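Protein chains in written order, with my numbering: chain A, 37 to 475; chain B, 17 to 314; chain C, 69 to 352.
Hints in this document: simulated from the structure, not taken from any laboratory.
There's no promise every hint is true.
Stated by the list, open to error - Restraint ranges, calculated between C-beta atoms of paired labels, are given here: (1) C/153 / B/165: 16 to 24 Å; (2) B/165 / C/91: 13 to 21 Å; (3) B/61 / C/216: 24 to 32 Å; (4) A/454 / C/83: 24 to 32 Å.
As the list claims (entries may be wrong) - Taking beta-carbon pairs under 8 Å as the criterion, some of the chain A residues facing chain B (in silico): (5) 107; (6) 471; (7) 472.
Bear in mind that the values here come from a model prediction, so they are computed numbers and not experimental data.
Even glycine gets a Cβ: it sits at the ideal position worked out from N, Cα and C.
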Amino acid sequence: MMKTAKIAIVAGLVAGMLAGTALAQDKSLNMIVIEGGDTTAMQAVVNAYEAANPGVTINLQPYPFAQFFQVAELRLRSGDAGIDLVYVDAPLLASYASRGFLSPIDAAIDTSSLVTSALEAGKYEGAQYALPINNSAQVLFYNKALFEAAGITAPDGLTAGETATQAEVDELAETKRWTWEQVADAARKLTVQEGGRTTTYGFSVEQFGELYQLQPFGESLGTDVIGPDGYTAKGYLDSEAWTKAATFWSDLYNAWGVSPRSLGYGEGAQLFGNGQLAMFAAGTWNIPILSETDVDFGVAPYPYFEGGKVLTPTGSWYVGVNAASANQAEAMDFAAYLTTNAEGTRIWFDSLQQLPTYKPLLDEISTDASFDAFPQNVFRLGVYDSLNTAKARPVTAAYGQLQDAFRTAFVDIANGVPVADALASAVQKFESAAARVAP
Amino acid sequence: MVGDAPPVDRMTNSRTPVLLIAALLAPALIGLVVFRLYPIALAAGDSFFNVLRGQRVFVGFDNYIALLTDSIFWNSLWVTLWFNLLINPIQIALALGLALLYVQQFKGVTFYRILFLIPIGVSLPTAVIIWRIMLSQDGLVNGVLGIAGVPAQPWLTAQSLALYSIIAIATWKGISYWMIFIIGGLQNISPEIYDAAKVDGVKPWQQLFYITIPLLRPTLLFVLVADVSINFLLFAPIFMLTQGGPADSTNVLMYEAYKSGFIFGDMGRAMAIIVVVVAILLVIVGLQFRLLSGKGAR
Amino acid sequence: MSMSSNPVRQGLSLGAKHLVYALVAFVFVLPLWWAIVSSLRPNAEVFADIFPFTAKALLPSPASLEAYTGVFERGFGMIIANTLIVALITMAAGLVVNGAAGFAFAMFDFKGKKYILTAIIISFMLPFEAIALPLYTVTQQLGWLDNIAALIVPSIANGLAVFLFYQFFSQVPKDYAEAARLDGVSWINILLRIYVPLSMPTCISAALLLFIFQWEAFLWPLLAMPSQQFKVIQVGMAAFQQQYQTIWNQLFAVAVITALIPIALLLPLQRYYVQGLAGAGIKG
């Protein structure tokens, strides 16, 4: 047995070396990616890369969004060498890196052209494990007709028919950003009830109870959601700042009744597009969807709490290299092309229209006249926020635990569970689950 | 263990055709061992390990011991038991009732039969999506109730209602399916028995409890075991609708295990919970065999 | 019996019967009806009359077939055909394999039978998610990834189906087999000539079980077909729920199509599973 095994290993090595020399020009890489627009955009980048690098083919393996994380987790955990490049959601990076799923990014790749905060979010324990593909920005959509009908002044924002330079957008974001108090005030006036049923809601967030969207709520009041160690929530999530933020959240649903409970993915955009929602705190990715509807809308900066610091959600998709991949150098080269190359980043941006992390593209958005008009000028709001107010999600190997405990608490609060109970329970749940994976 | 073998005739026993038995069993057993039991053994083995800094570390029974003092686990266990105590009898009773409606013969019954089959082809995720929208605060169900003057109910967002709404959705999805099995069982009951009962002046409800149900025992045992197993493992509607809330009122063990394994990257705890669930299931299924098999299977 | 003597009461009871059936059917139909109506609306209007609910939500206005044409433009015809191939092959092979095993367990006594039966029952007691990773590794080692065999073969042997056949064959009186054996009939002929014809309703139940297992399969097709060239229904449907929006009307269109196919397959078999049953149960 031993002998045959040894022979097999030697034969394998020899074959591997032969293959290594013979096929150095001919590599086939696999990348897992999210089905839909992301895959279309990635395929465009791949086509350009393959044209410039004959002998390398990159096959995309698209998975539906809702199952992507589960499938990626299973395949990475199995040490599957059939994946070379991994599409990584920013907050999962630490979890992947801490379990050795990703190779550290080749230090030779020049990352100086990337937005610093986005680059930082790709690090775990000081080492770079993934490169940012694009960024995200949240804004406040508002329905102009509903504001007019209610006879109240809409927030200052970017609207159809008007142009805005980067300097004008900067001024808007710096000085005319609404507070959550103003949002709540207007929302109460905008909400319409008929026969005990709400026919128009004043305000809603897009991602009901999700940390991504709500993290600035408490943090803008001065306290991070968890401690710097990544595993402590006591004194953070149950702090005075978070209690105040959570009370505001509770009032939206319970005291004021201005927000619809438990909206699923995509349903907020449907409500807003039907003219049944006056204000919608949501991602800029909704612009093409909402532009197809009849609603005349404006786009205002993401609000903050009065007296608090302006912070906005950020972070999106990264690319990493599977540690089990046999094609490390080739995979690194494509990752660099996708994120730090003028051609690769442009193709991605042109196809998917997401806020870039590549600085030359941000400069172009700020200065090029083609971004003066609405809705293209909304990108300038994203540029301002990503350079000034963006606050990345916490880096912790227990991010899944945090996200789950946070969502549970905020959904419960919206459904009427007392704020103090929900936050205390979230702290306890997060800490006990996180302790099991803490190093 | 479970599965009291039926009384086997000495005569067939004495000439047991070993090769034939092997040939009949081999395909199914090989398939089950390779694609189910071997993966199950590997997965169960994970409950004795934890992953620390990418290294798999043997921890013995630590993951099980940790469950003993884990209040989330205990809460989840009670939710699971209560959920199953309700959903299984409800589903089986309704499936039996539906089967009895289905097999009646009268003009126009075929139309109803088609409608009774609808949920079979609607996949569980799709059923859940449809019901979630219908059960929302301003949705269709509350709208229909509003016409009848009933105030809107927070079906999926109130601690007092969410678990029961999930039971209702799963029951809507499940009973047509189980109905088909029960109809198959009804088919094995000889019509002469009913004719004889009629001659003796047996009332319909007596016929149901003293003839139909006892003679359906083998089928009911199958449906009971299968339904209980499926419902103990059920977590997709919870994942899609309530994510264990409100206030953990729908946090069944399987969902807790799913979160540990797939969201928390803590496979050791996930598999320990699943092994506990399987142990509970085995006890319950063993009891069901004691109660429903044995004699009278004819 | 007394009812049949009185035509008025008989008419009343027929009316009551239809009322009961219509009420039960209403509960089954309502969600699908709403799905049908929604599938006929343009995507932006799916929620127009739902939040808050008005009776208009149950009427397809404005109506358009855009969702159905859209679904087939996405290649859903191929996806449905793929799923039917996988499900029907699994069903046919599964009936033979699991039926044979159920027969052997019911007919013969042998050493270790109880333990094997227990193992078979355990085989369906774990959630698929728990064994997905080891099963993926096994399939990878067999070299079946991206091969249709990976979708079909692991699902043919089914513990529930073995158990179902075992339960059925155990209730068939042993005298049948014994008498045939004394006449020198081979076991295979006993199985095929006596037991299989008797087991038609059970075969239909088992076929349904095997078919629906594949019809609803989701996580495994995602894992077993990594290149995603060969898609099945649930995987195809997941594409409607995208990262930033959901294509509701197409989602509902596929829900309607996929709900109707199993019914269309099941109805023609009705004569095998509802024959001579008029007397069963609660008939008055």
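Structure-based check of each hint:
Between residue 153 of chain C and residue 165 of chain B the C-beta distance comes to about 51 Å, which lies outside the given range of 16 to 24 Å. One distance hint, 13 to 21 Å for the beta-carbon pair residue 165 of chain B and residue 91 of chain C, holds here, with the actual separation near 19 Å. Range check, residue 61 of chain B to residue 216 of chain C: about 30 Å between beta-carbon atoms, so the 24 to 32 Å window is met. Range check, residue 454 of chain A to residue 83 of chain C: about 53 Å between beta-carbon atoms, so the 24 to 32 Å window is missed.
Violation of the interface hint for residue 107 of chain A is found here, the shortest Cβ-Cβ separation to chain B being roughly 10 Å, above the 8 Å cut-off. Hint status for residue 471 of chain A relative to chain B: violated, with the closest Cβ pair at about 10 Å, above 8 Å. Hint on residue 472 of chain A holds. Least Cβ distance to chain B is approximately 5 Å, under the 8 Å limit.
The structure is inconsistent with the numbered hints 1, 4, 5, 6, although it conforms to all the rest.
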